[in-house]
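Number of protein chains: 4
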Amino acid sequence: MHKGRLEAFSDGVLAIIITIMVLELHAPQHAAHFSDLKPLLPVFLTYAMSFVYVGIYWNNHHHMLQVTQHVTGAVLWANLHLLFWLSLVPFVTGWLGENAIAKAPTALYGFVLLMSGVAYTILLREILRVPGGNKTLAEAVGRDMKGKASVVFYAIAIAVSFWNPSISCLIYVFVALMWFIPDPRIERVVDKAADQ
Amino acid sequence: MHKGRLEAFSDGVLAIIITIMVLELHAPQHAAHFSDLKPLLPVFLTYAMSFVYVGIYWNNHHHMLQVTQHVTGAVLWANLHLLFWLSLVPFVTGWLGENAIAKAPTALYGFVLLMSGVAYTILLREILRVPGGNKTLAEAVGRDMKGKASVVFYAIAIAVSFWNPSISCLIYVFVALMWFIPDPRIERVVDKAADQ
Amino acid sequence: MHKGRLEAFSDGVLAIIITIMVLELHAPQHAAHFSDLKPLLPVFLTYAMSFVYVGIYWNNHHHMLQVTQHVTGAVLWANLHLLFWLSLVPFVTGWLGENAIAKAPTALYGFVLLMSGVAYTILLREILRVPGGNKTLAEAVGRDMKGKASVVFYAIAIAVSFWNPSISCLIYVFVALMWFIPDPRIERVVDKAADQ
Amino acid sequence: MHKGRLEAFSDGVLAIIITIMVLELHAPQHAAHFSDLKPLLPVFLTYAMSFVYVGIYWNNHHHMLQVTQHVTGAVLWANLHLLFWLSLVPFVTGWLGENAIAKAPTALYGFVLLMSGVAYTILLREILRVPGGNKTLAEAVGRDMKGKASVVFYAIAIAVSFWNPSISCLIYVFVALMWFIPDPRIERVVDKAADQ
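Just so you know, the sequences run in chain order A, B, C and D. One point on numbering: in the working numbering, the residue at position 108 of the first sequence is 108, and numbering is uninterrupted. So the number in the working numbering is just where the residue sits in the second sequence, counting from 1, plus 196. So the number in the working numbering is just where the residue sits in the third sequence, counting from 1, plus 392. So the number in the working numbering is just where the residue sits in the fourth sequence, counting from 1, plus 588.
Think of the hints as simulated: they come from the structure by calculation, not from any bench. Ideal Cβ positions, reconstructed from N, Cα and C, are used throughout, including at glycine. There's no promise every hint is true.
Now the in silico label distances, taken between C-beta atoms and shown as ranges [to be verified]:
#: 1; chain 1: D; residue 1: Leu-629; chain 2: C; residue 2: Arg-535; range: 35 to 41 Å
#: 2; chain 1: A; residue 1: Phe-44; chain 2: B; residue 2: Phe-230; range: 23 to 29 Å
#: 3; chain 1: C; residue 1: Met-537; chain 2: B; residue 2: Asn-360; range: 56 to 62 Å
Build the full structure now, drawing on both the sequences and the hints.
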């Protein structure tokens with residue numbers, strides 16, 4: 001099977017997820033002062049954080065499939081599983097934003113990030129198991145320390161959220177930064193493969 | 197006619213259907229405890245079931261068009277007919293979820309699944325009727341026992357819903373599982389065709 | 393310029409237009425009887441009619457670009473102009489459905505259809521004016537009697553709506569049927585061109 | 589890396605942004621006269637203006653990537669940064685429309701346009717910095733006087749909005765017209781490159 005439609009469908013779903021989150025930002029009616037936007041600030045900040053997270057997933061998804069040639073039925077379902085957890089991001093973002101950094105919403109936000117991370121790892125393994133192998137991807141991912149570390153950080157953040165949710169949110173921001181800062185090692189491996 | 201835009205448009209519509217369903221999950225405002233999510237549980241469960249159903253349709257659509265080369269005007273309309281019934285899935289999912297497994301919503305949910313199944317069969321036949329034929333698809337589909345069985349199960353579930361809607365929902369879950377579990381016979385036929 | 397992204401962007405916008413219309417169908421909460429759906433019937437019928445209209449536009453757009461090779465900046469803007477009018481279809485569909493076939497909504501619905509028809513004609517002309525010409529499309533379209541007749545019918549329906557909006561809606565259904573029934577002449581010309 | 593998915597994802601996000609803005613136009617219920625639409629007029633006008641702005645960005649994005657072959661990780665993030673600011677357009681459009689041309693919404697609308705313009709410039713520079721260079725694009729863009737002038741106009745409009753927001757809106761319309769009117773110089777350069 002070709003990967004074309006897998007990419008197209010995932011692009012569609014991720015594009016919709018990243019865009020409908022902004023619908024949580026309800027423009028206040030008959031309220032035309034900057035101060036009227038103040039209650040929207042936590043909603044905006046959580047929107048920005050989730051935008052970066054979905055952007056990171058799209059970016060990594062893009063890289064992973066760039067070096068993949070064939071997909072199987074198991075890969076299609078592993079991909080839908082990832083999209084399922086990511087599709088819950090707008091909901092948990094809304095709950096977190098509208099209850100400015102409360103305990104339960106912070107924990108649930110972390111849980112959805114955790115499950116998305118696990119789903120991404122499952123997708124990665126399914127792609128590596130496709131008959132014929134994928135040496136480039138296997139080399140680029142290596143032992144996937146970043147992925148494993150993220151899941152551990154999410155678990156810590158969930159536990160901490162029942163005590164101090166602000167610290168949990170800082171952990172989420174930290175993990176996002178960890179992924180945001182480009183990993184020159186992966187790009188090098190990918191470039192090398194593309195040159196061949 | 198090429199199949200490219202048929203796939204792209206269907207991917208777009210299916211991606212939107214699968215994603216806007218999550219908008220039925222309204223994040224409770226000023227309600228930051230896990231217990232506040234309890235009324236959302238049936239909405240979440242029906243969302244998950246519908247996500248799997250739309251995922252199955254996308255998967256099967258993907259497989260079917262993978263082995264199709266040409267499309268006709270009749271195929272385009274048969275495809276739009278399928279998308280029409282699937283576009284009603286978010287509505288019936290919302291109605292089912294917000295009235296936790298009541299009789300009429302359960303029956304209507306089954307009706308939309310039934311009509312989607314019928315529309316899929318019509319699309320399949322129109323593709324098989326495209327001049328030049330499609331031996332690979334004809335072989336892979338065979339007598340389409342799974343498709344016919346699904347329609348019968350949906351009809352039974354609709355009848356049962358007026359008596360015990362919980363049993364109907366179990367039937368919907370069962371049919372979804374029946375499609376979810378990969379059918380090695382089809383993948384083998386498709387792989388064989390791809391190798392040639 | 394290549395036509396690829398013009399098609400992809402139009403597919404995206406049309407897929408969203410056709411799908412978000414279903415959001416007008418609000419699932420009634422705490423109302424689990426079939427009789428609770430009765431007030432939704434006009435909304436559903438206008439949804440179905442608009443679905444067919446957007447489907448027709450997608451179909452014709454698909455056919456038109458199938459036989460087009462190059463696009464210009466003017467074509468891009470003519471295409472956006474068409475998408476602008478079509479993007480208003482969900483709004484007028486909602487207004488028409490929620491005020492079951494009242495005078496003003498019926499007239500406005502016709503106006504948006506009329507402007508979409510005009511925008512489609514402008515797009516067609518811009519494509520025919522692309523340097524190098526497009527003999528296949530010019531031959532297939534001919535004098536575009538169907539397009540011109542539609543605009544006349546919409547104008548009549550708008551005028552009639554102030555007197556009897558039900559007749560106007562019948563005219564809209566009639567025009568849709570006129571486009572829905574495949575035009576063997578066009579498919580023949582397109583097929584002939586594809587064979588060369 | 590190939591540019592295909594960057595284009596597909598951007599097309600998806602821009603298609604959704606341009607289409608969900610129309611959801612701000614709420615069809616009035618049980619209000620079937622043309623006069624009932626009067627309060628929607630400013631919402632409609634700001635919708636039309638934002639539609640043209642997003643259309644301009646799509647158009648320019650299309651042109652820019654048309655002459656680009658390779659993208660880097662930095663380009664992917666610069667693109668997501670642009671999409672982030674554009675994703676806020678529906679929100680500021682809604683705030684501006686629902687508070688017919690008040691001071692703060694007019695200023696914020698200008699701020700989002702300003703940041704989008706800055707993000708577009710950053711994206712342009714990242715594409716020009718891709719190893720191997722992009723002589724066609726560099727030549728077409730030149731000193732990017734139009735982009736720089738737009739940012740200056742937005743800054744003036746923001747300052748003016750605290751005194752007279754109507755003038756600011758006229759400036760936004762003027763900048764849109766400046767981009768709307770095709771730039772024969774760029775199309776010539778692009779055409780020349782495509783001929784080679």
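Status of the hints after comparison with the structure:
Taking 35 to 41 Å as the suggested C-beta distance range, the pair Leu-629(D) and Arg-535(C) conforms, at roughly 38 Å. Our hint of 23 to 29 Å for Phe-44(A) and Phe-230(B) holds, since their Cβ atoms are close to 25 Å apart. Judged by the Cβ atoms, the range 56 to 62 Å given for Met-537(C) and Asn-360(B) holds: they are separated by roughly 57 Å.
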